[in-house]
Every structure is written in structure tokens, then in C-alpha cells.
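Student: Residue numbers (the UniProt record's numbering), protein chains in the order written: chain A, 1 to 418; chain B, 1 to 418; chain C, 1 to 418; chain D, 1 to 418.
Mixed in with the good hints there might be a few duds.
[Stated by the list, open to error] Derived lysine-lysine pairs resembling BS3-like cross-links, with alpha carbons at most 27 Å apart:
id, chain 1, residue 1, chain 2, residue 2
1, B, 413, C, 287
2, B, 304, A, 413
3, D, 304, A, 413
These are calculated hints, taken from the structure and not from any lab test.
Number of protein chains: 4
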Amino acid sequence: MDFAPSPRAADLIERVRAFIETEIDPVEEDYHRDLAARRVDGDPWQPLPVIEELRAKARARGLWNLFLPAGHEGPYAERFGTVGGAGLSNTDYAPVAELTGRSHLAPAVFNCDAPDSGNMEVLLKYGSEEQKEQWLEPLLDARVRSAFCMTEPGVASSDATNMELRAEVRGEEVVVNGRKWWSTGVGHPDCELLIVMGLTDPEADRHHRHTMVIVPRSAPGVRVERLLDTMGFKDEPGGHGEVTFTDVRVPLSNVIAGPGRAFEIAQGRLGPGRVHHCMRLIGLAEKALELACRRGLSRTAFGKPIANLGGNRERIADARIAIDSTRLLVLNAAWKLDQGGPLNALSEVSQIKVAAPNMAQQVIDFAIQLHGGGGMSNDFPLAGAWTSARALRLADGPDEVHRGVIARLELMKHGARR
Amino acid sequence: MDFAPSPRAADLIERVRAFIETEIDPVEEDYHRDLAARRVDGDPWQPLPVIEELRAKARARGLWNLFLPAGHEGPYAERFGTVGGAGLSNTDYAPVAELTGRSHLAPAVFNCDAPDSGNMEVLLKYGSEEQKEQWLEPLLDARVRSAFCMTEPGVASSDATNMELRAEVRGEEVVVNGRKWWSTGVGHPDCELLIVMGLTDPEADRHHRHTMVIVPRSAPGVRVERLLDTMGFKDEPGGHGEVTFTDVRVPLSNVIAGPGRAFEIAQGRLGPGRVHHCMRLIGLAEKALELACRRGLSRTAFGKPIANLGGNRERIADARIAIDSTRLLVLNAAWKLDQGGPLNALSEVSQIKVAAPNMAQQVIDFAIQLHGGGGMSNDFPLAGAWTSARALRLADGPDEVHRGVIARLELMKHGARR
Amino acid sequence: MDFAPSPRAADLIERVRAFIETEIDPVEEDYHRDLAARRVDGDPWQPLPVIEELRAKARARGLWNLFLPAGHEGPYAERFGTVGGAGLSNTDYAPVAELTGRSHLAPAVFNCDAPDSGNMEVLLKYGSEEQKEQWLEPLLDARVRSAFCMTEPGVASSDATNMELRAEVRGEEVVVNGRKWWSTGVGHPDCELLIVMGLTDPEADRHHRHTMVIVPRSAPGVRVERLLDTMGFKDEPGGHGEVTFTDVRVPLSNVIAGPGRAFEIAQGRLGPGRVHHCMRLIGLAEKALELACRRGLSRTAFGKPIANLGGNRERIADARIAIDSTRLLVLNAAWKLDQGGPLNALSEVSQIKVAAPNMAQQVIDFAIQLHGGGGMSNDFPLAGAWTSARALRLADGPDEVHRGVIARLELMKHGARR
Amino acid sequence: MDFAPSPRAADLIERVRAFIETEIDPVEEDYHRDLAARRVDGDPWQPLPVIEELRAKARARGLWNLFLPAGHEGPYAERFGTVGGAGLSNTDYAPVAELTGRSHLAPAVFNCDAPDSGNMEVLLKYGSEEQKEQWLEPLLDARVRSAFCMTEPGVASSDATNMELRAEVRGEEVVVNGRKWWSTGVGHPDCELLIVMGLTDPEADRHHRHTMVIVPRSAPGVRVERLLDTMGFKDEPGGHGEVTFTDVRVPLSNVIAGPGRAFEIAQGRLGPGRVHHCMRLIGLAEKALELACRRGLSRTAFGKPIANLGGNRERIADARIAIDSTRLLVLNAAWKLDQGGPLNALSEVSQIKVAAPNMAQQVIDFAIQLHGGGGMSNDFPLAGAWTSARALRLADGPDEVHRGVIARLELMKHGARR
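Take the sequences, apply the hints, and build the full model.
Tutor: Below, the structure written as C-alpha cells:
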């Protein structure tokens, strides 16, 4: 159980921290103000230029595609990866992810944003050479963006075997028909590819019925029906779309890894992806606690700094305990993934997927309360942060499903069959 | 402790229930869809015509100004009040408020919406004849709308003695200078008056420094700087504004009840108003639990209705317990107000102000979880409902301040001086 | 929903309050000290004489068998009942039960203690004339005590259909074989009868297999194997026994209401019994909150009364909210029972059975914390109170079973079959 | 952040685990049964011989005084310490402490029990050569036992500066007068020394007024007034005493480290001691979760193993998350202590002191619930385990005081002075 980052990672962490402090933090408030202005009067779905400027700076300093995992030190890592041209272990990347989680902009600036980073990992691990050339390279190069289409509006998607969208193999083509929603990133003008999970063989066993297939955003029959609100937020310019697929035809070579392998890929995609999400939530919660402490010391009511009123100090202490213990839990899951891969960390990954969003939701809710009405407005990043944390109690498997996994593994230690 | 509504109220409750079911429920989904469309392409700050149509119907059936309190059975009750021309006791009005809380539109349809209802109560109770004629009549008649300006961005407004906006008496005028925010309703095109709380005499004792004054929306120097987001929602067409007052001059006759009496008025306004808010939250939570049960029975995962998975049934039970016990607590506070007025129910009113929003937030959060991603979208009223409940943990005094009141009264039973 | 006690009950409540304050409170501390001394050096299973003295006083003032329910105004009520010779409705008895819950001794003093009161209700409602004469009269007269034998050590007794002890009808006899535990009161030297639930007809439908039978404590084959600890407490002199029954033979006339009717009786016994338990818990929680407030004001740390440190005032407020809302919930259940009997109040009774013990456990835990180490000792009634509250999360059906009942009834409103 | 035990510790951990499984576990149930029998009929304050037998075995295998800290590798470690004659770092000892926490007997068997282990650490670190020879050697050799007297009945001892017992220096003597309680271990017949904290110089600054002094149990004027109950438990044969000191005179050489240094010593004693307590609680919670899983799989209700009913699986999952995250938090505190001593880990030690007992209380409460009535009896170790966890929310500083420390350190990061 050694959670300390390697010397190379420690150096990188410091540089990421410095970049965020000197380059991103000073412009983040402006970014939100400009985006709000566009919502009133303009097009918030056109990305603000500051993002591209920051990306160029970050890339120039080698702070790019930081999520690239260890073990993929091939040509992509050299051409598009971080300084030194090598991926990072989960343990090494975790503190980086925490730092990027403190800032709304940072993940995109370092080209480490969901769903692109997860999609890139899928292509890197399961993609054919042709797929890598055509789709992975432009993503690593940030010339394009992508979406991931799994959840469906018509079924309880928490049980992924419920997925009904059809991805039928007909000769050398795959024909896609159905409807997805919560397709994050599909509203971005640069979004050029969708990785879509569809039902191919209803007769196969439960975990080999579905296929992952790459669908170009521009393919005939692909239609973004609307961009969804999340607690009132649209998360422009990427957004979350409801997308219909009507007789969409793509070549069979767009299938990732082979028909019927969607579950295997999803599992491989989600393990490290959940660590990334959870570490970003740690960063978000730290940021919220900092804001709470500062507000609590700077505002006065009934003759005292509000931090000193009622149970506020106790809540600050509880937030510190919750953040620190959850961070350690996530680091432990990262370390277990590094030691033996996803099968070695099934319970651990589900544990953090329950613990981190609930913890962050709690801490941010407290920070909102200390900020009064302002906490719910867009003057502070707290309302957005809360919504992110809340959404992650549903995305990538709701709390209840993960609790089910943990309990099954626990009871199996004592003889339960499942 | 008799919480049963009077026969007249029981009749009214049934008629309100029928009206909501037959007139409002069938159009509510359309309303939200049309409003969403206006947000993308149009002006959401212009009220949709359906509201006026529903108001006319409701008024024609005598379901109008239902909030009018018992004891004000004068000419206004006769001309503008509910069937029978008499106000309702808090106990009688509470179940009506619960029903209206189930629907986003109902409060406005029955002309019982915050902040108008609270402002009308203030004018009815503390206004001069002239003020009543000029401002109360049009409000009762729904020709105009109003806003209430208390919270300020620059101070911890949970301590109302912190208020810094100046309302200086200069001869026969009051001169208003300062900044307010969370002025609910100020974005509505019909908003014509603002009731503003300002500092008049900094030398007076803590609770006699401030004054309530009526400021016309059109007075020179009044400027709505922006309309705030609450968790991403703008709550059009009323909204919540940040408003500046620059050398705004109104006649001294616009002062309500007299200079220095703002605290007294606020206290009188907030008692029944909190009962209304809390009963609406009960209705909101009931609605959320209904939606959760229906969703839980209609969606299937892992071979079972999701209501039967994991701890969902236990959470349904806990929601039922929480709703029922909180409803009884609110009814009890209403009954105590009826028995002996606000001073008789100080602890009770603070108790419900803590209990109801927290309960509703919890129940709605569970309902969201059972709805999956859809629960956070605008396809269901849950995201908006959650935001309302969350906001009420801050509005009209944050949880912490109310807990302080309750504890003080409790400890005073045992000899504490405060 | 009129929870106010009748004038007769209001008078009784005042007299009970006065009796507790003037007669019981002054001797209660001595009682516990004397009992503790007997534990070290003597026999704590011999009741201390003070109980009999207090009972005589209470009876002389007509404060006797207060639990006798309305509708049983026959000769027993006249001969052994409260002043006026009539039983009380649940709504009327509830505040009496709350008062008796404040004191460890009061329930026994007024002859209203579990399990005797529940057993007397069973005999009153379901007993034959012969059974009433032989067993009910001495109980009403407090000449004897009783036990109730339902829970078994070998099965999950939360599912009462699991009960395995056999009560076989053989001609004119019932033969009892098996093992029970948590038989409350069986350690008392005056305990002369056991009401035992046993399996009679394994072929009958699930709810008609079991029988209630009266077994004399002295019948051959009845053996108290041991007296159980509850969190270290033995609850002398009644205690909780593990009891074996070996070929115990009683006449068929000892069967209550008829073979196979145990479930019906248990249901009828438990409805009002749960209201009594829950109201006593309200009284216990009130007492704990009072002790907490007094301790909080009288002890000083870090220069302040400890009530003013950290989150203590907020916790006092939360306790007040929890007690008041739970009391209203129990009163509501009592009122529903009065309106339409147990079938009218299935959800309500399960709701209070979940809400009251959990609430009391929470409030008492806080009171313990404010008392420091002393709170866990026997110097204060808090450790015993906590244990009572905790035990009631299991006794008479664990929380989880009651939550299941509530959820089933809730989902059935929306079309679920169960 | 490397929490892995050293190879030597890893070996020791395996041997401790094996010893507990093969030597202690098989006799533990008998131990409790025999002790219960003595309570009914005999003297539970005379230790059962099995303890001495187990101690001899443990010592023969070098599993002795395992708590001895790194850095004290002098003659004592060689003569009385674990295999290899060297103390363990906190990180190395933590997993050992977790294992011993699973068993009620293990801490005493390995001579690692509170308060002896803490007292030995104090003597090792602060004791004079003479004190070590006279008091430390017999403790390391397990010839005698000790008590620690800090808490007082008359003041809020959570603020240690409140301590009123006088330890006056008069020439070459210290005169002790006052009253202590919760003096753990003082009931044991082998208890020969008391380390007592008393007020020496009321005029000195707050943290230099008190002195630690060694008082022989047999000194004239020392009187154990009574042995306290904790939730009904007496914890024989060590117990928790209320002790009076009346003109007790000990030589000045019995003062530890010098007059006025009690706070410094307490601080040094409590850091590692809290890690030990917390790791034992982790072991206790693991044991409780195991028992819950086994019971949940082996008992059936409503046709299913009770583990599969309602929210039980979710609670098992939550218990796993809570245990694992709290263990990591404790390991982190141990590691920080090893890196830089108590001042390096002030917040971390307070964090675990809040987190571990609350977590354990929660997990054990759930395990009790799954065991039904049996869970509260002495048939399972759960009632005792719960009481230990609950007591540790008060002992060594209540939750609230530790939350205060954490919050102060947190706010000081943002400029607060305290």
C-alpha cells in the first residue's frame, strides 16, 4: 500500500498545480461570466476561444493527455503524451486528476475530459490500427471531440443488459436503430464520433449480446433531438444529448474489438474512469471546503465570523474527515488497479463510486449553506459542483448497483453464491 | 389540538383538488415544454397566456386569494376573496397550501404565490388606507405583481440587523440607496411595486433601526442589475433579481406602519408565510413520492420492478414517515398560530422551517435517484422541486438560525437567559 | 384529527403528572441505588418493597389500570379501573403513557407495565369468562404477574410464521414443546402465567397455524433456563427469560379464542400496545432532553456552559423537532386506531414503531454525550433509557419488517399487488 | 504514504493472527460463559486462570509487549519485547492492533491492554531510571497492573484544564486530595499503581498547572469508592473505578518528568494510544461485519436469507466502505506520527478519534439488528463491542472536542488565529 507518486509524477503534479494557479484560475471567473452573457445574448454552444488558448499553452509545456495509462508507451504516448512520452499509473495519475477537479476548465485544457479520455482509452486498448489512425489520433491531437452513447430513455439503464438500441450486423455493415440519452459532449461543434453500445444478438448470453460501434456524428440517420438540462444546467458547449439513430449504417470495421464484446469493453473503460471521476470529486470537495472556510471567516453575523456560529466548525471538521478518508479510499483503489487490474479491484472501484459522489455532495451542500443565497447562484462554482457530484450518483452506475456489487463480494467471502 | 379543517374549508379543499386535477394537471407538462422552447428561441420572461386563462377560470369559481387570513373579513375579502368572502384560519388554509404545492402553476393560478401573498398580508395588516387602495387592491385583483427586497449581497443577511441599504427619512421623503438580491418576482413584466427593507436609524436599538417602504418598480434610480440563477434555474417569468437603488425618492407615506418597524412587520409576515411555504413543500414531497412509487413499479432491472431492489422499499417507507410526521408538525404550528398568534408559536414556526425543507430535499433526492438521469432533467418536475426545497433551507432564515431560535427557547425553559 | 384529550382524560393526566412528581420522582434515585446494592450483595430478583407501597397509593387515588381501553366498561373497569370506572380511548391514554414513560417505575406503579397490560388486553378481548375469572382478575388486582412468550432463539422470529414451538391439541389437552426467549417478566417471583404462541397445525394456511395458550408458570415441564442480559442490563426483578417447555400439558380451555387464532390475537394485541410503547418512548426522550439541557447549562468547559459549545444548541433544536414531530405521529396513530381499529391504522402503527425508537435512541445518545462518562453509568437513567429504545427497534417486529409493511401499503396505492 | 508493514512486522502479523485463531478464539466463548457464571455465583473480580495460561503461551512465542514503540530499543525491548527485541513503528503496529481488536481477550494476552500499554509508554518515555525500575519493569513483566486517573466526576473533564484534584508539592512530598472516576483497571487485584493527573500550581499558565504523579494503589488515603457500570457492563476484572484520594502522600520522586508537565505527557501518551484504540475498533467492526454476514446468510425469513431482505445488502456495502476508508485514515495517521511525531499529526489523530468510534458504533449497531434480540444479549460479543465503541466517543476526549481541534487547524490554513 504505497500511495506516494513516483518522482516523475510528483514533478508533474507540481507543474499541473502551478499551471492551474497561474494560467487557469485567473481567467476562470471571466469564462463563466462570458458564457453566461452568451446564454442571454449569443450562442453558448460555440466554445469560447480562451479554451483553445489555454490548451495550446498546456500542450507547449507537455501537460497534455495526462490520462494516458502506463503500459501504452507506444508511438501515441511519444507523439501526444505528457513530458517523457509515457503514460502514468493510476496511482500516479490520481493526484493529477484531483488537481484538475478543482477547476471547471482544467480537464478540457489538459485534454483529459470525459468522455474523450475514456473513449481514447477504449480505442487505445481495444481499437484496430485503422480505428486508431482514423479516430484516436485526432482525439489525442484535440482536433475533434467525441461522445459515448450508452444510457437509454426507455429502460432502466442501471441494468446494462436492458439496452434496446439495435446494432445489427448485416454483411459488412452494422445497422443502428434506437435512441440514447445523456450522450455527454454531443453538443460540441467539434464532436465527430460517437461510441455507441447496441444490442446485436439477443440470443447470446446476457453479457455477450451487445456491441460497441463507432458512429460518425455526420452519418445519415444520426439526429441530436435535444440537449438535456441537468438541474437547470446545460453544460455548454459539450452538453448532454438525446440522440436518435435511424437506419444508420457504418462499416463492420467500425465495431470495436468484435461483436458482442461491449460489456468487456465497458468494464475495462469504467475501472480507471471511475478513479478519474472520483479523484476529480475529491478536488471539487477540497475546493468547496476552502471556499466555505474563507466565507466563514470573512462574513459576520450576530457579532461573530459565521464559521464560529452553531455547528459550523463541527461541519468543517466532518468535511475534512470525509474528504481525507475518501481520498485514501480512492488512492487505494487506484493502487489495487495498478497491482492487478480491474478484476483485482472490483469491490474497491464500486466502493469509491459510492463514497466519493456522496461525500462531495455533502461537503458542497454545506459550502452552499455557508454562502447563503449566493451559494446556489452562478457567482460561485458551488451550484455546478453540486450538480456534478449529484449526477455521478447516477452516471456510470447508480449508488444502489455499486452497493449491490460490494455486498455480493462481501457475502461471497462467507459462502454466498452471489 | 384539532387539526381538522372546518366544513367550509373541507369543501374548498375538495374544490381546489378538483380544479388542479381537471384544469391544471392536464396542461402543466405543456407549460414546461413551451417555456423550455421559449428559452431556446423566444422570451421566457413574457408569461405564457395559459396562466391568465387558468386564473380567470379559478377566479370564476371563487378559488381566488385563498391565502386571505381569518380576521380580515372586511371589504377586500368580500370583493376579492374566496367563496363566502372570508379569510381562512391557518389550520384551514394549510391543506389548501399542500395541494397547491403539488403543482408548479397552482400558486399563481389561485393568486397565492410568494412573494405576492406575503406582501398582500403585510399591506392588509399594516398598510394605511391609502396604501391599501393604491397597492393592495391591484394585487388582490391580480392586475399587478410585486417583489420583496430584504436580502443583500454584501452582508450575511441571516442576521437581519446586518442590512445596510439605507432608507433615510428626509422631510416628507424617504431616500433609498443600496443593493438587494434574491428579490423574487422582480423579473415579471407586471411587477409594479417593491417592498424594501432599509436602515433608517443606525442609532436606534437593534430591532428598531429598519423601515419597510413601498418603492414603485418604475421609480427613477431603481435598476434590476441581473436575474440570478438558482442551481441553473432562472424561474421565469418572475425570477430573482439583483436590484440597485440609487437616490430613489418616495413619499414618506410609502413607509409601512412607520419608520423603524421593519422587524415587527417581517416577523408578522413570516409566521404564516412559513406555514404556507412548508405546507407547499409537503405537497411537493407527496408528489415526488408518488412519482417515485410509479416509476419504481413501472421500470424493471435485474428481473424485478426497481421498487423491489435493494433498499428502495425501505426508503419509500422512510419517505412516508418523514412526510406524515412533518405534515403533522406543520399543522400543529398552524393551529398554534391560530390559537395565539406568532408569539405563541415561535419555536413551532422555526421547527417547521427546519424540518420541512430538509424532509422535502431528502424525499425528492430519493425520487430523483429512482428516476435515473431523467430525474435530474426537466422531463420530470423533480429537479425544480429539489431546487425549491434546497432554496428554502436558506430563504426566510437559514436552518442554522432557526435551530438557534428553537434551542434558545428550549434552554430558557431550564433557566438560560438566552 | 382532534388529538386533544377529553376533559376526563385531561383531569387524569394532571393527576398522573402530580403523582409522578410528588410520589415517584423523589424515590426513584433511591430505588436504583438500592437495586444496585442488591446486585452486589443480595437478591435483585426480589422486588423492593417501595413498589408495593407506591402501587397502594396509586390505587387509592384511582390511578390504576389506566391502560384499560374504551369499550370495555364492564364490571372489570368498575372494579379495577381508573376513576369513573371506564376505559380510555387511545387518544386519551396516549398522554398518560407519555408521562409514565418519563419514569422507570411509573408503569409498574400504575399497573400499566408491559407485558402485563398487553396480556390483560388480550384476556379482556379474547378470553373466555373462565379465563377472565382465573387469570385476568388477579392481574387487574396486581396479585400476580405474567409473561408473553413469542420470540424463539432458533429461528428468525421477525417472520412470526417461523415459530417452531409446538402447541399440539391432543383431545382435551394442549401439549407444549419447544423453546422461547426474551420472555419479559418471567423472572418476577409473582409471575404466574405465560401466554405462549405455538405451532398447532403446520398444514393450515400461513396465518392460521399458530395458537395462543395460557400456561401456568408452575406447570410441570416449564423451565426458565436463564435470564438474559440486554446490553449488560438484566432488568430485575422482571427480567427477560429463556424458557423451555417439555411436554407441558394444559387443558384445552387454556387456548385463547380457539386454535389457529394466534395471528389475529397478536395483531389485536400489538396495535394499541405499540402506541403505548411509543408514547412511553416520547416521555423517555423528553426526559433525556431535559437532562441534557440542564447538564448543558450547569457544566462549563473552555469558559462556556457546554450547551453553548460547538453544535450542541443545534442538536438540542433537532431533538425538539424530532420529539414533537414523533409525538404528533403517535397521537395520529392513536386517533386512527380510535376511529377505525387496527385495520384502519396499519401503516400508521408501523410508522410509529419505526419512528419512535429511532428518534428516542438518537435523542438519548445525544444526552449521554452531553453527560460525558456519567451518561453511560447508572448515575443517570440514560444508559437504561437508551437500552429500552434500542430494544424496541427489535421487539414487536424489527424496523425492517415495519418498513416493509409501510412500503407495501404505499405501493399498493399505485397498483402493486403486494 | 507507504502503509505497508515492514517484513518483520508482516511476519509478526501472521503469527498474531495464527495465535488468535488457534489459541484464543477456541476458548473465548467459554471465557464469557464462565465469567457470566461467576457474576451469578462467585467473584467476577478474580481473573479467570485462562488469561494467565494464554499469556504464558503468547510470551513463549515472543508475542509480548507488542506495543513497544520504535526508538526504544534499549534493554527493556530486549528483555521484555517482541521477537527481535525491538519496538514497532506505528505503521507496523497498527495491523497488529487491528487483529487484537477482534478479540476481547487478545489485548490482555499480549500485554497490550489499555491502560497498561499507555502507562508503560509514559514511563518509558518520561520516567526516571528509578521509576522505570520500580514500576515499568513489573508492568512489562506482567507481574502487576495499573490504572490511569484523569477524568473527574465534578467537572466537565473534556476541558482538561478543569481538573480539580490537587497534587500539591510540599517539600519532598506530593500531597494528593480529590476524586477521580473512570479509572480503568483499578478493580483488578493485580493493580498496584495509579498514574494520577492533579492540579499543582493554579497560578501557572493553563497548560502548566497540572502534574502526573505515580500513586501506589496501597497508599493510605486511596479508596476505590465503587466500580462503575458502562451501559450495564462492569468490565470485570479490571473495571472502571471512582477513586478518592484523601491526604495521600507520595515522595516527590514519584512525579513524572517534573511538576506542571502533565499536559505535555498526556499529549505524548494519547497520540499513539489513539491509533491503538482506533485500530482495535477497526478490528471490532470487521468482526461485527463478519458476524452480520454469517447470520444474514444462515437465518431465513419470508422465504429468503435475511441478508437478502430489504436494505440489508446496502448496509453491508456501506459497512465495508466505512471500515475500509476508516482503516486507511488510521493507517495514514500512524504513518504521519512515524514521519514527524504528534505535532505532525494533530489533525490526523483527532480525525481518527472521531471517525473510528462512530464508524464502529454504526457497523456494530447494524450487526446487532441483524442478530435480532440475540444481538443485544451476551450470546454474541456485539453488545460489549457496541459499548466499547460508544465509550470511545467520550474517552480520551469527546467527539466534539476533537472536531474543534480539526476545525481550528483547518481554519488556520485560511488565516484564522484559532
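Student: Now tell me, hint by hint, if it's right for this structure.
Tutor: Hint by hint, here is what the structure shows:
1. B:413 to C:287: At roughly 13 Å apart (the allowed maximum being 27 Å), residue 287 (chain C) and residue 413 (chain B) satisfy the hint.
2. B:304 to A:413: holds, 26 Å
3. D:304 to A:413: holds, 19 Å
The structure is consistent with each of the numbered hints, conforming to all of them.
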